[in-house]
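Colleague: Chain by chain, the residues:
Protein chains: 4
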Amino acid sequence: MSKQKLQLGIIGAGRIGRVHAETLAFRLPEAQTVAITDVSQDAVQAVASRCGISRIAESALEIIADPQIEAVLICSPTPTHADLIVEAALAGKHIFCEKPIAHSLGQIDRALAAVEAAGVQLQIGFNRRFDANFARVRKAVAGGEIGVPSLMHIISRDPAPPPLSYIRTSGGIFADMTIHDFDMARFLIGDEVEEIYTAGGVMVDPEIGRAGDLDTALVVLRFRNGVIGTIDNSRRAAYGYDQRVEILGSKGKIATENCYPNQAIVSTGDAVYTDLPLNFFMERYTESFAAELRSFVNAVLEHLPTEVNGIDGRIPVQMALAARKSYDEHRPVRLEEITA
Amino acid sequence: MSKQKLQLGIIGAGRIGRVHAETLAFRLPEAQTVAITDVSQDAVQAVASRCGISRIAESALEIIADPQIEAVLICSPTPTHADLIVEAALAGKHIFCEKPIAHSLGQIDRALAAVEAAGVQLQIGFNRRFDANFARVRKAVAGGEIGVPSLMHIISRDPAPPPLSYIRTSGGIFADMTIHDFDMARFLIGDEVEEIYTAGGVMVDPEIGRAGDLDTALVVLRFRNGVIGTIDNSRRAAYGYDQRVEILGSKGKIATENCYPNQAIVSTGDAVYTDLPLNFFMERYTESFAAELRSFVNAVLEHLPTEVNGIDGRIPVQMALAARKSYDEHRPVRLEEITA
Amino acid sequence: MSKQKLQLGIIGAGRIGRVHAETLAFRLPEAQTVAITDVSQDAVQAVASRCGISRIAESALEIIADPQIEAVLICSPTPTHADLIVEAALAGKHIFCEKPIAHSLGQIDRALAAVEAAGVQLQIGFNRRFDANFARVRKAVAGGEIGVPSLMHIISRDPAPPPLSYIRTSGGIFADMTIHDFDMARFLIGDEVEEIYTAGGVMVDPEIGRAGDLDTALVVLRFRNGVIGTIDNSRRAAYGYDQRVEILGSKGKIATENCYPNQAIVSTGDAVYTDLPLNFFMERYTESFAAELRSFVNAVLEHLPTEVNGIDGRIPVQMALAARKSYDEHRPVRLEEITA
Amino acid sequence: MSKQKLQLGIIGAGRIGRVHAETLAFRLPEAQTVAITDVSQDAVQAVASRCGISRIAESALEIIADPQIEAVLICSPTPTHADLIVEAALAGKHIFCEKPIAHSLGQIDRALAAVEAAGVQLQIGFNRRFDANFARVRKAVAGGEIGVPSLMHIISRDPAPPPLSYIRTSGGIFADMTIHDFDMARFLIGDEVEEIYTAGGVMVDPEIGRAGDLDTALVVLRFRNGVIGTIDNSRRAAYGYDQRVEILGSKGKIATENCYPNQAIVSTGDAVYTDLPLNFFMERYTESFAAELRSFVNAVLEHLPTEVNGIDGRIPVQMALAARKSYDEHRPVRLEEITA
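Residue numbers (this note's numbering), protein chains in the order written: chain A, 640 to 979; chain B, 640 to 979; chain C, 640 to 979; chain D, 640 to 979.
Hints listed in this document are in silico derivations from the structure and should not be mistaken for laboratory results.
Copies of the same chain are indistinguishable here, so a pair counts whether it falls within one copy or spans any two.
Simulated crosslink set (EDC-like; lysine to aspartate or glutamate; CA at most 16 Å straight-line):
1) Lys644 <-> Glu941
2) Lys778 <-> Glu946
3) Lys964 <-> Glu976
4) Lys964 <-> Glu975
5) Lys890 <-> Asp844
6) Lys890 <-> Glu784
Based on the sequences and whatever the hints tell you, model everything.
Modeller: Given below as structure tokens:
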């Protein structure tokens, strides 16, 4: 049976690279990781040992050049994504790439052109589409369960801000954090946004402001079909990771709650209480990380279109640029204004 | 004991006049309704009979002129409010007036000046401040339970649009419906809004659009203290009256759920379900209507400031005008731009 | 209109007498309280003054003899109930009597015979039937929404034990506290219990045990139709009044939750929490006290059968005796074993 | 690293054998399945292929005799458990055995004696102890979060009855279904039951009654420490698998809710609803199956006591026999009455 397994190489053994390596090792019998690479020898050794990956490659290019490897997972830092996509496409590898592809539309377009020319498959790591809650909301919208949508709210708050060193190279809150919500907005409504208005500020840590970024944002989206949406982002939710959506339609609404480590409710003389929601994305989105890879492996093995394609990777970057421009210029910005 | 009761006159025996008459008759032993008036004889007879009000006055002015009456409730149509406030103030009556005072700041300022000159007490009918849910949220914010607020969301949706005839004279969605949410926003945060941005549209009934109004709106508020808030308004929530708020602060969040006719949950082979939330404001806000009158009667009897004063009546009208201007001009509008 | 009002006399101005007096004064325009009496002059003066009752009678018999009075509310201590019912029936008065009618079946049967002979109406104060939650459950069962019932659980816990002085004259936990749940069980299932098994103990306060009573009980009911039910009673729920039911049927289940003072949920770094449920019966069952009187007044005015009749007052007492016998004899007891 | 992995053999490739094989293959890198056996060649082939198990053994005894194998999982039918435990113990293998060990205390005692004599480790498959909800409840009880427990309720209902063929060899509802709840009761309270009273009947399918079994049961437990507990069992919950507990203590209560496939709530003009709870144990207890094996593998590798030992396997069988005896004899039965 093993010869039918999809042979993969992993570029990057950081936090998300490790998650994907574990999924491939322990949950996806249809796939096998042939080799892995990372600039940190400690990181790559640990992941290879944990996941039983027999070969550690010297470089991303060694993985891309390996004729045994059919598909690559690009889990390295964002600035390397576009070039690696181009190289992998030229080598005829199918590609799973973490978000975002790049911080500029020019780089993205170059990468997508290479993918198109090579005829390989590309999936972008917008894992939240594969989460049971958001998939249920999409199903309700697509199936008409709540009628024609009119208003949408996405709440997406991190438990605490990342280190300032991370903030400084993150591309800013819209490219780093809101980008998932931009993807979610398009996915849930099934239509494109044409205008964005951003309010926001620095309410969590003044150092984030000094680094040129925001830590709190409220983004208003106007879709072509008239739907109005909001995205609520904060770098700090004292109670943990807060990930919810709500959509109002002509026949009703659908709203999701957070996920909790258990369903116990305690009542004492002080309060009725539960434990806190799952703290961060590794716990909250565990299953969706596995599901997106399962979807990618299946798409490659079955020659199907990937569920999150290159255009799905491009548009949220354009939205992030529009959101920042709206904030800077204090006015609604049309997506078509963002061309580079 | 009856000679210590506050002697009141009611102007207007429509829907809200009737609610207040019933509260005074059946739930506020500290007050007595001496007389009531309305242009509709049927309406006023019904209310007087139901509530044991012995005298039906010919006109509002007859009530205002009655020396036995110490305070008046103005429950007549909005265009009459400002003039009646002026007349009642001149006659030395304390005043409870339904919202809004008027649709223009000029009229409001004239009324408030008369109240100030007469030294009488004025309370505006923003009953939702007296609702147990919103009072609990205010308590959490004021008491520091969630730390320093940063983001607020107000959801305020009617079950179904009112008749077009009502829409046409309502002053528009912002003056008629959002005005309660403008008051709520100021009340909950305890600070003033300095800028408003409005997105919206006609998504429920095209006739509402032809009447020059919107039926769906998303209003973004920026407060002086930096808090960013949204108000989500729709004239149609198929599942009933939807009245919720959520505030994020530096130490946590507080969010309210809707009110239901019972706490039963049914689980069958099809779904786990409950009955619908209370359908509309008469059921949802029953207790707050009684509580606001109790507060007014108490303020008059005890010579205390009213809990919702004239300025509280003025600012939401200014906010409604700013919200409409933002929608019309497709840009954020500062409250100070609204001067008339 | 006042001459059409039902003319009532109230016997007893204690806690529950005051509740009924307030309902009649402020919420039931169809009724008028003509006179009230109590052994405590302070108590009766306070209620009369608060509720505008013009006459304070010297004795219960003065009220019963008053030709103007059409119906009496018996809110005096339990040992007086049976005799007062007999006297009131002889005088042709309709009767609303608090639970229980008496602690022995003999006394109850004597009272019910007098009511029957006089042809007057009798309603027993099992107010919980009129609660929105339990009414919803009954509706689900009666309407087939959950199919044929098989298992039922009633949770009924007080926030804290009453004073020992009360315990000593209460007739014991089954006659004093569980009796409401016995009524609820019959009401919800719509069938009679044929056997009872009781487990229980003293887990809250040893003094309650020394007084010959239990403070914690688990009663198993077997209905004629096969349904098995449990009643969970505790004299202490640290978090407040706990009043829930759950029924499993062939097509599903229905379960009720407690009632809370608000619908706010707070999330902080410590927990996700709400305020405590309504603390005790005066807050929890406010509306049901009003509704039972409304039902009684309506039954009298419209010559309809009362919704909780004499048999409904008798059977729960029989069940209480059976529950105690089961506890004492440590075996299941059939209801038919209880004859006096 | 692979030489440190615990080498296991699996006896039985039915439903639960497959679950364990998958856990070992995909989620427990610390363990390796050396061989598997089953009377059904189709079943064993499918599991071996799916989980990459290289050797299919001819018989259980071949697995037990294999010197490479350090521990065995006994997942074969109940009547084989006791003998296999004896054989495995004699061969010096550590043992994980599905519940129940046997249907008679004599067989169990023989098996436990062999385990004791051999000094091997034994864990019984009461997986629910490892469920996040029940673990949270145990933590609350053990840590004093709700004070001293007094009342406990366990709800445990299957979505639908198993085939009659299964019922007939199951040992009856108490040995087959309630046994998990007996274990749960001991685990949660941390004390032993001394008396059991059973009410029950045939309310789901008369054929189950004709097979000599019940399909609906209400079991009352009295613990040595005075706690009173109930177990509510039904073979049919139309809405899916219903697995909840609630414990009242001197300082409060803790209650768990069911688990759902998502946290979405839909509100329409008909109802406010969610999807049904997870349907059955394979979905509901997925994580606990993995956690119990992780615990077993860890106990063997680290030479620690297992978390569910032989006595934990014996007492629930004794309780099942007492529950049936109570039902048959219609009286409370003390556990010490059950000696064989």
